[in-house]
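Student: Next come the chains, spelled out residue by residue.
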Amino acid sequence: MNAIQSALHPAGDHAALTARLFHLFLSVTGFFFLLVLVFLGWALWRRDRGGDNERRLRITVVIWAMLITAGLFGLTIGSYLTDRGLFFTGAGEEPIRLKVTGRQWWWEVEYSAAADQSQHIVTANEIHLPLGRPAHIELVADDVIHSLWIPNLAGKQDLIPGRPADLELRPRQLGRFRAQCAEFCGLQHAHMALDVVVETPEQFAAWAAKSRQPAPIPQTDAQKRGFAIVTGSQCSACHAITGTDAFGTVGPDLTRVASRFTLAAGELPDTRAWLDRWIADPQAIKPGNRMPKVPLTDAQRHDVVAYLETLK
Amino acid sequence: MSELRFVGDAAALPDHGFGARSTTWWGVVGFMTIEGAAFALGFAAYFFLMAHERQWPASAAPPDLLWGSLTLALLVVSELPNIWVKRAAEREDLAAVRHGLVIMCLVALPIFVTRGVEYDHLNIGWDRNAYGSITWALLLMHTVHLITDWVDTLVLAALMHTRHGQKGRRFVDTSENALYWHFIVGSWVIVYLIIYWIPRMTA
Amino acid sequence: MSRVDGPDFTGAPLREALAKTWSDAPGFWGWLTAVDHKRVGRRYIVTAFVFLGLGGVLALLMRTQLARPESGLISADRYNQIFSMHGSTMMFLFAVPVMEAMAVFIIPLMMGTRQIAFPRLNAFSYWIYLFGGMFLWIAFLLNIGPEAGWFSYVPLAGPEYSPGKRTDVWAQLITFTEVAALASAVELITTILKQRAPGMSLNRMPLFAWSILVTSFMVVFAMPAVMLASSFLISDRLVATQFYNPAEGGDALLWQHLFWFFGHPEVYIIFIPAVGFVSQITETFSEREVFGYPLMVLAVVSIGLLAFGLWVHHMFATGLPRIGYSFYTAASMMIALPGGVQIFCWIATIWSGRPRWETPLWWVVAFIITFVMGGLTGVMVASVPLDLQMHDTYFVVAHFHYVLIGGAVFPLLGAVTYWFPKFSGRLMAEPLGKWNVLFSFLAFHLTFFPMHITGLLGMPRRVYTYPHGLGWDTLNLVSSIGAFLFAGSVLLFLGNVFWSLRNGRVASANPWNAPSLEWKPSSPPPVYNFEHIPVVHSRSPLWETDQPVMPGLQTDKRELLVTTAIDAVPDLRDASPPPNGWPFFAAIATTMAFVGSIFTPWAVIWGALLMAIPLIFWFWPHDPLEPKPEQGDE
Ligand code: HEA
Ligand code: HEA
Ligand code: CUA
Ligand SMILES: [Cu+2]
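Protein chains in written order, with my numbering: chain G, 1 to 312; chain W, 1 to 203; chain F, 1 to 634.
If we strip away everything but chain G, and leave its shape as in the complex, we get (with noise of 0.2 angstroms):
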């Protein structure tokens, strides 16, 4: 098994103190639990019944109802400190910050240090975070709820549109993780996934250095055909490629879309074979999202194709 997607596997201090509250609520909830069927089994099965009992019991319920009071108590206590250390995981350090924009059915993700334009990272469906560093992630809807759930690294918090949120997490273990949309989004909720890559600082730092290029120049023949057609109005009506006259934003930012690790929202494996596919047809693959399957030769889209994978 991979447990890429999973709360019981913290690779963060968030999911690491909401697991350990967890371990915390099971033994208390199964203390009860045990108490609970000690007592149905002893009242189901005991065989002297005779006597007054009624007095022995009024002080049992009275005991009972403080152990639950007490439980209770230990329980808040518990979600109280838990939620303090959530506050406070990696206050006093520079977060990095980015920029999450919820979508039917894909995930937009900026990067941008203060106001320089240049150094803006525009991706999509893939956040990349520098090991150990909290990250501060502002979450934003633009059609309808979204939740962004990495459960290795964090709860969950919802994009509500009209009402801007965050989310602060803090990797503690190298590794790609997945994280899934987790309010229910209309017909494709199910394919709105995420890839989270906690790398070292310094591949971190190559990698953003590399995104913050213009898309390579397109080099053979086909690749020049595929980047015409792309920047002509067929593909940049929805799709921007940086450096280039492609700014649709309708659709995911494409200028790095070769090297990200999946296609369309964690639906596709990102290779050749599947780009070719997704774009021969992308309502057969994932049924209802806001690509339209656009008119192109075989050999056009094989053009394409060729120009895509440069677009790394």
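Bear in mind the hints are in silico, worked out from the structure with no lab data behind them.
One thing to keep in mind: the hints can contain errors.
To be verified - Simulated crosslink set (DSBU-like; lysine-lysine; CA at most 35 angstroms straight-line):
no.: 1; chain 1: W; residue 1: Lys167; chain 2: F; residue 2: Lys20
no.: 2; chain 1: G; residue 1: Lys293; chain 2: G; residue 2: Lys99
no.: 3; chain 1: G; residue 1: Lys224; chain 2: G; residue 2: Lys293
no.: 4; chain 1: G; residue 1: Lys99; chain 2: G; residue 2: Lys210
no.: 5; chain 1: F; residue 1: Lys557; chain 2: G; residue 2: Lys293
no.: 6; chain 1: G; residue 1: Lys99; chain 2: G; residue 2: Lys224
no.: 7; chain 1: G; residue 1: Lys210; chain 2: G; residue 2: Lys312
no.: 8; chain 1: W; residue 1: Lys167; chain 2: F; residue 2: Lys557
no.: 9; chain 1: G; residue 1: Lys224; chain 2: G; residue 2: Lys312
The hints should help you fit chains W and F with the ligands onto chain G, whose structure is shown.
Tutor: Relative to the frame of chain G, chains W and F with the ligands by itself:
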């Protein structure tokens, strides 16, 4: 079960009673509570939306005061015949109840006029923004209650003028109908304050 | 002069007179116009079980799809409609109505009265419920079933993202159930508070009556919220109001607050009647009064009150003010105290009683184990930090099926077994019943226990499919196998019901030696319920040797005894209206108005006029549609 033991005698009991003694009262109060809860939640929604807005009323002038206040005045005045009918019903004074109910039917007519004009003086369309929507919704909710109770009163007035009017239970119905009118008047006081005065206090 | 019952008018002649007075009309017309609470209640129950079956079939479809990863059996669009229909059907057409239905049947008998208060309203309520349910299901089969889940969050359910009529259908279904539930609530409150047998002061009232009383009050305060919410929704969709549109000052969270202000109490509206079933069953089969009666009453009342303060625990992930977190947590978990005390009292009753191992008690045991597990996971999700991990995952799906099925359906099946003699005159088959409990219990846990783990392993709810390799495959397969077994156990139960209707052992008036009044008349009870109105001196009247009665009600007119609200002192004689066709026609007119309003707002106005006619006739004494005009309204 041959040795039945009989205690008491229901036959000696009256066949109607007013207020909380009657099941009718519980029915009417039950529905008043339901509608009261709906109004209360409508008010809550109003303030919830308001809390979210920087400016209230949003992109509009507050509703004009005149017609809503007239409605309020007329409703308050209508309480006089209403209280009178209620007392007459509890005295089981058929002649007075008959007159009173007719008066109640007529008293409502000018209220419908002022209410109708109110819609024209809200200074906002229901589809303009959320402020407009909630304002219209509250006014509409109240209007629906007004109409319903008026139709009830019409039916009751007709009924009391037939031979059925002589039955004691019909007096109970009259009394509970008057109780419902209290609710109409009372709820308007609050709706009025919210629709007409809150926007003035915050503008 | 009309005759009243009494020492000189009793026995067979009395029974004949009462039967004549209280019978519904014969034939099809009589069927349409029936107002006898037992007939209406039975219909209500049967209809609700049909919806359970339909909702269950949808569940099986979902489980078939989810049995394997990347399964392509059901399209996304179809799946979304299926789970929305499953949730809406189960909550609005099965769970809430079935509890009301049981109460409509049982409460008047248990209170020692001849008829429910406002019987025509009761008949109307049933018809509205039936038409609303049919409307939803016909729409679903026409591919215009709801698609945004049982709580239809905006903006997904708003005009922009849910074009077409699907969400309108959902919103109007809410209006239907609304009307039906509110009507029953008012009837039940009035019946419980005003028609109790003389001497049955509040502190002698059976616990089931308490739980129905509390439930009905909760309906009165909670249902208006969803009525308001769905009216706002439908007007946003149909006449372009802006309640939920953030671009025009509206707010998507307004919907969530209004919905859950209803939705949270709703789950206790389902659960509290079940608590009442459990109390009655435990009492009868332990052969002692429930231990800690005042505590039980206090627990039910406090659950009812607390329920109105907790709605935000469904909204933890929306970003509530951080300051409040621990407060919400504590408030939500507090309900474990009355919950736990109740559990204790039932077990204590068994412990100190002489338990008889009959099937209903088995259901109670299955209930206790399952419900406690569901309650404890409820306590987990009540903690804000934990819920942020568990919210909208299969962990929550597990939680609520444990409490809904373990906490409400198991007691319901126990209650059906228990009161079966009152419904049908016969007992359900044994030992099949006991095997059924065991089978249901095991299949249930097989289905839903794995969902806790799937949820923690990251599986969100409401996904029509999931990728292979995240550790969810086997668990889902097990759940799906369990679901079919569980459906089998429900079928077994229904089979037992059908078989027993014809072949069950004929039951005496009180086959279980139960203490409460519904067991006094024969099984099934005659149309008039009681020959003479019983008088009560204790909490367990049928366990007393002295069972006096009060004479004096008229026998040639439908007359009821009205008592005072607290002490149940006889106060008035009240008329109970005879059967009448207008509730049926009013329901038809109402249905036309509700359904029409989806297509044009004008239908509201025409519909209101159309509704006014039958309503006026309904209340008008002596109308031509009364099957037996000679009875009069008095
Ligand atoms: C019959 C219905 C029913 C009942 C009785 C309950 C009972 C409880 N529920 Fe549940 N709930 C639902 C039906 C129900 N619920 C449904 C349908 C949903 C989902 C809706 C949706 O999203 O579709 C839901 C969702 C839900 C949520 C939101 C989860 C989410 O969406 O993220 C929460 C959060 O607080 C919650 C909490 C509780 C609690 C604290 C109880 C408590 O009442 C439980 C109390 C009982 C016990 C705790 C057991 C007995 C006590 C003891 C043995 C004493 C010892 C215990 C301790 C010391 C802890 N429920
Ligand atoms: C009382 C309420 C209730 C009940 C009884 C059930 C019963 C079941 N539920 Fe459901 N469920 C909900 C209330 C309920 N549910 C709610 C509120 C939701 C949330 C919906 C939402 O997200 O909007 C939900 C969601 C839900 C999901 C999550 C879907 C998703 O998020 O994608 C799943 C998945 O497994 C599920 C499964 C089941 C199963 C297997 C049963 C089984 O117990 C079913 C057993 C089968 C039967 C009872 C049928 C047996 C009878 C026959 C086969 C004969 C047919 C006869 C006639 C037609 C007369 N339910
Ligand atoms: Cu986005 Cu679900
Ligand atoms: Cu809740």
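Student: Each hint should be assessed against the structure and marked as holding or not.
Tutor: Results of checking the hints against the structure:
1. W:Lys167 x F:Lys20: Satisfied, since the Cα-Cα distance of roughly 24 angstroms is no more than 35 angstroms.
2. G:Lys293 x G:Lys99: Holds: Lys293 of chain G and Lys99 of chain G sit about 29 angstroms apart, inside 35 angstroms.
3. G:Lys224 x G:Lys293: Satisfied, since the Cα-Cα distance of roughly 22 angstroms is no more than 35 angstroms.
4. G:Lys99 x G:Lys210: Holds - the C-alpha atoms of Lys210 of chain G and Lys99 of chain G are around 19 angstroms apart, at most 35 angstroms.
5. F:Lys557 x G:Lys293: violated (74 angstroms)
6. G:Lys99 x G:Lys224: Roughly 33 angstroms separates the two Cα atoms, so the pair holds.
7. G:Lys210 x G:Lys312: Cα-Cα ~9 angstroms, so holds.
8. W:Lys167 x F:Lys557: Distance of about 15 angstroms is within 35 angstroms: holds.
9. G:Lys224 x G:Lys312: holds (16 angstroms)
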